[in-house]
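Got chain A sorted already, so can you dock chain B onto it with the hints?
Those protein sequence lines, which keep their order, are chains A and B.
For the record, in the first sequence the residue sitting at position 44 is 44 according to our numbering, with numbers rising by one throughout.
For the record, in the second sequence the residue sitting at position 220 is 220 according to our numbering, with numbers rising by one throughout.
To be clear, the hints were calculated from the coordinates, so they are not data collected in a lab.
Keep in mind that a hint or two might mislead.
In silico DSBU-like cross-links for lysine-lysine, where the CA-CA straight-line distance does not exceed 30 Å [unchecked claim]: (1) A:Lys270 - B:Lys261; (2) A:Lys246 - B:Lys261; (3) B:Lys253 - A:Lys275; (4) B:Lys250 - A:Lys190; (5) A:Lys253 - B:Lys279; (6) A:Lys261 - B:Lys239; (7) B:Lys83 - A:Lys190; (8) B:Lys275 - A:Lys279; (9) A:Lys223 - B:Lys83; (10) A:Lys253 - B:Lys83; (11) A:Lys263 - B:Lys270.
DEER-style ranges, computed between Cβ atoms [to be verified]: (12) B:Gly17 - A:Asp323: 58 to 66 Å; (13) B:Ser259 - A:Ser137: 18 to 26 Å; (14) B:Lys263 - A:Glu330: 39 to 47 Å; (15) A:Ser70 - B:Glu73: 34 to 42 Å; (16) B:Asn303 - A:Ser137: 17 to 25 Å; (17) A:Asn16 - B:Gly17: 55 to 63 Å; (18) A:Lys246 - B:Ser259: 19 to 27 Å; (19) B:Glu204 - A:Tyr53: 57 to 65 Å; (20) B:Glu189 - A:Gly120: 17 to 25 Å.
Even glycine gets a Cβ: it sits at the ideal position worked out from N, Cα and C.
2 protein chains.
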Amino acid sequence: MGDYIRIVIDTIGGDNGAAFCVKGAVEGIKRNQDVKIFLTGHESELERLLSEYEYDKNRIEIVNATEEISLNESPVKAVREKKDSSLVVGLNLIKEEKADAFISAGSTGAILAGGQFVVGRAKGVKRTPLAHLLPTSAKPSLLLDCGANVDVKPEVLNQFAEMGSIYMECVCGVKNPRVALANVGTEEEKGNALVKAANELLKENKDINYTGYIESRAIPYGKADVIVADGFVGNVIIKLYEGLSKMILKELKGAFLSSFKSKVGAMLIKSSMKKTLKKFDASDKGGAPLLGLKGLVVKIHGNSKEGEVISAIDQCVSFVKNDVSRKIVEGFEDNNE
Amino acid sequence: MGDYIRIVIDTIGGDNGAAFCVKGAVEGIKRNQDVKIFLTGHESELERLLSEYEYDKNRIEIVNATEEISLNESPVKAVREKKDSSLVVGLNLIKEEKADAFISAGSTGAILAGGQFVVGRAKGVKRTPLAHLLPTSAKPSLLLDCGANVDVKPEVLNQFAEMGSIYMECVCGVKNPRVALANVGTEEEKGNALVKAANELLKENKDINYTGYIESRAIPYGKADVIVADGFVGNVIIKLYEGLSKMILKELKGAFLSSFKSKVGAMLIKSSMKKTLKKFDASDKGGAPLLGLKGLVVKIHGNSKEGEVISAIDQCVSFVKNDVSRKIVEGFEDNNE
Numbered sequence: 001m002g003d004y005i006r007i008v009i010d011t012i013g014g015d016n017g018a019a020f021c022v023k024g025a026v027e028g029i030k031r032n033q034d035v036k037i038f039l040t041g042h043e044s045e046l047e048r049l050l051s052e053y054e055y056d057k058n059r060i061e062i063v064n065a066t067e068e069i070s071l072n073e074s075p076v077k078a079v080r081e082k083k084d085s086s087l088v089v090g091l092n093l094i095k096e097e098k099a100d101a102f103i104s105a106g107s108t109g110a111i112l113a114g115g116q117f118v119v120g121r122a123k124g125v126k127r128t129p130l131a132h133l134l135p136t137s138a139k140p141s142l143l144l145d146c147g148a149n150v151d152v153k154p155e156v157l158n159q160f161a162e163m164g165s166i167y168m169e170c171v172c173g174v175k176n177p178r179v180a181l182a183n184v185g186t187e188e189e190k191g192n193a194l195v196k197a198a199n200e201l202l203k204e205n206k207d208i209n210y211t212g213y214i215e216s217r218a219i220p221y222g223k224a225d226v227i228v229a230d231g232f233v234g235n236v237i238i239k240l241y242e243g244l245s246k247m248i249l250k251e252l253k254g255a256f257l258s259s260f261k262s263k264v265g266a267m268l269i270k271s272s273m274k275k276t277l278k279k280f281d282a283s284d285k286g287g288a289p290l291l292g293l294k295g296l297v298v299k300i301h302g303n304s305k306e307g308e309v310i311s312a313i314d315q316c317v318s319f320v321k322n323d324v325s326r327k328i329v330e331g332f333e334d335n336n337e
Numbered sequence: 001m002g003d004y005i006r007i008v009i010d011t012i013g014g015d016n017g018a019a020f021c022v023k024g025a026v027e028g029i030k031r032n033q034d035v036k037i038f039l040t041g042h043e044s045e046l047e048r049l050l051s052e053y054e055y056d057k058n059r060i061e062i063v064n065a066t067e068e069i070s071l072n073e074s075p076v077k078a079v080r081e082k083k084d085s086s087l088v089v090g091l092n093l094i095k096e097e098k099a100d101a102f103i104s105a106g107s108t109g110a111i112l113a114g115g116q117f118v119v120g121r122a123k124g125v126k127r128t129p130l131a132h133l134l135p136t137s138a139k140p141s142l143l144l145d146c147g148a149n150v151d152v153k154p155e156v157l158n159q160f161a162e163m164g165s166i167y168m169e170c171v172c173g174v175k176n177p178r179v180a181l182a183n184v185g186t187e188e189e190k191g192n193a194l195v196k197a198a199n200e201l202l203k204e205n206k207d208i209n210y211t212g213y214i215e216s217r218a219i220p221y222g223k224a225d226v227i228v229a230d231g232f233v234g235n236v237i238i239k240l241y242e243g244l245s246k247m248i249l250k251e252l253k254g255a256f257l258s259s260f261k262s263k264v265g266a267m268l269i270k271s272s273m274k275k276t277l278k279k280f281d282a283s284d285k286g287g288a289p290l291l292g293l294k295g296l297v298v299k300i301h302g303n304s305k306e307g308e309v310i311s312a313i314d315q316c317v318s319f320v321k322n323d324v325s326r327k328i329v330e331g332f333e334d335n336n337e
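Isolated chain A (complex conformation) (with noise of 0.2 Å):
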């Protein structure tokens, strides 16, 4: 059993219920044989659920959880109290080494509490970003931190930069992968006091391949695979990117049912649309992982199905196959200590 990936799913947090976690585990463990999955929440349901599919029962198992986290509460204080939620049974098994990564559609609050404080950092590691993929006109860009750190050190963005290397070079298979900075111009001057000192840690970085700053204009299109930011900056990023995508799409669906005209127009391109709007949708490229920690978070969507389940699931056999945490660690035990 010690040779499986061990991946546990938090089936309470989502607003999909646990039936999708469930297909989801089910299709993973078909997908990667090398996969044992711990499902965390009501045992009761979990096994009615489970009862509808044929399985491999030993790389399925339930870990009864009956408290529920929600996105009203306090994370900190639901994390420390709530001793019972699926999210701090899960995060347990995480910490005890019963299991190498953690899935969740839960509170992004409480997830990232929760990593801090029942995971906890890896050594050497200052702070712990979330990175979101970000769809562009090229191959997706990693963001990070995208709010997990709203106030940080110029240190603490050149180590964001070192992970997020590893991770695009290791979970996703980009070589030598370009690290930017995002700033407000592209010109050596330009920045506040944090990205110009962090600039200068970036450029004397010798393991990453860092190109310099790059202006929010040119994120769309591809410019970097990997892109540094605070948690503030980021997370006004990541919520912009999506607020604005589908409201310019929301309002392209309301011009094309303005017209009879327009309707039929819309009904000859919806087939290539759909391709284009493919590339933005966020569901088959993984979840949010939260880097830095003694084992894997990965946050998905409060709305996922089970489709995004399974890619999180792949996500979490790279991270561990390639041994990206300890990868992780052994940079900073390098460079900083």
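Chain B in isolation, oriented as in the chain A frame:
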């Protein structure tokens, strides 16, 4: 002559040459009978261009200026050294109170530097923000600061909120504008140190209609009339807005051209789509004002045509007629000094 609203147009800085400035100026004085325009730039060229039009010769005056400030030079150095540039000559007209407002399609950096060093801040104003109207699915929102001040204190954001409110109320006719502070979440405990401290000041500010935090994903839906951010975050927002809209539309265009069927479909949706895209066109919303100076300085796009010049003239007229500069200064004398 003292009763005219006197507007300077810098005819050298833009990408499209002086012709569109001249055309805009001629149209602008036709639309606004109480406007007089100063064109700064190459005298002989401007004379030649003007000779093509019939117009009230008392209301357009050429002010010769021969130097050009390019995008590649240091803005501060250029503004200090190039005394005979169309930008500096124009800004000096404001400084000497020979004109009320200044419009330029030149380098943003040079306009910001010139605003600060040549025109100067109005009394009581701590920092002068660059404000942009963002297109949304509802009415446009004013975002400030879009990049003039990347490291600021909470009191500065509080002033930006007041300036933005006065601008939206007096120039854009929005009654009791809803002010929001850009943040990573809407809950009280969210945010970095700057935003949390600014939030306290904004809550206590009785001169504005403060509605709390706004997440970037809500910005495209027009949930606030005035969005306050430091110049770093504001710049990231405005440029991502621009880059992402362009990229999505480009990708869709590519999708439309991918098959014969979709090409036919695209023809049928063309007119209704155009109407929608018009909403996202900044050119009819005037330029970006640099607020808090002793006079109005407006930055228009580098690739502006006469349409944007005319909108900017209209904008300057509203600004001067409504005495916005005085209202801004009065606000700060009351509150802060």
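Now the hints, each set against the structure:
Pair hint lysine 270 of chain A plus lysine 261 of chain B holds up; C-alpha atoms about 10 Å apart against a cutoff of 30 Å. Distance hint between lysine 246 of chain A and lysine 261 of chain B is fulfilled; the C-alpha atoms sit about 25 Å from each other, no more than 30 Å. In summary, the hint linking lysine 253 of chain B to lysine 275 of chain A is supported, as the alpha carbons are separated by about 12 Å, within the 30 Å threshold. Taken as a hint, the lysine 250 of chain B and lysine 190 of chain A pair is honoured in the structure, with Cα atoms around 29 Å apart against an allowance of 30 Å.
The suggested pairing of lysine 253 of chain A with lysine 279 of chain B holds, with an alpha-carbon distance near 14 Å, which does not exceed 30 Å. Taking the CA atoms of lysine 261 of chain A and lysine 239 of chain B, the gap is about 34 Å. The hint is violated against a cut of 30 Å. Straight-line distance between C-alpha atoms of lysine 83 of chain B and lysine 190 of chain A comes to about 24 Å, which keeps the hinted pair within the 30 Å bound. Proposed proximity of lysine 275 of chain B and lysine 279 of chain A is supported: the alpha carbons are some 25 Å apart, at most 30 Å.
Annotation: proposed proximity of lysine 223 of chain A to lysine 83 of chain B is violated, straight-line Cα distance about 38 Å (limit 30 Å). For the suggested pair lysine 253 of chain A and lysine 83 of chain B, the alpha carbons sit about 52 Å apart, so the restraint of at most 30 Å is broken. Under the criterion of a C-alpha separation no larger than 30 Å, the hint pairing lysine 263 of chain A with lysine 270 of chain B is consistent with the structure, at around 11 Å. At roughly 59 Å, the beta-carbon separation of glycine 17 of chain B and aspartate 323 of chain A lies within the given 58 to 66 Å, and the hint holds.
Take serine 259 of chain B and serine 137 of chain A: their Cβ atoms lie about 19 Å apart, and the range 18 to 26 Å holds. Our hint of 39 to 47 Å for lysine 263 of chain B and glutamate 330 of chain A is violated, since their Cβ atoms are close to 54 Å apart. Hint check: serine 70 of chain A to glutamate 73 of chain B, Cβ distance near 56 Å, so the stated range 34 to 42 Å is violated. For asparagine 303 of chain B paired with serine 137 of chain A, a C-beta distance near 21 Å keeps the hint of 17 to 25 Å intact.
For the pair asparagine 16 of chain A and glycine 17 of chain B, the supplied restraint of 55 to 63 Å holds, since their beta-carbon distance comes to about 57 Å. A C-beta distance of roughly 26 Å is found between lysine 246 of chain A and serine 259 of chain B, which places it inside the suggested range of 19 to 27 Å. Taken as a hint, the range 57 to 65 Å holds for the pair glutamate 204 of chain B and tyrosine 53 of chain A, whose Cβ atoms sit roughly 58 Å apart. Restraint check, glutamate 189 of chain B to glycine 120 of chain A: a C-beta distance of roughly 22 Å satisfies the suggested window 17 to 25 Å.
In the structure shown, a violation is registered for the earlier hints numbered 6, 9, 10, 14 and 15, in ascending order.
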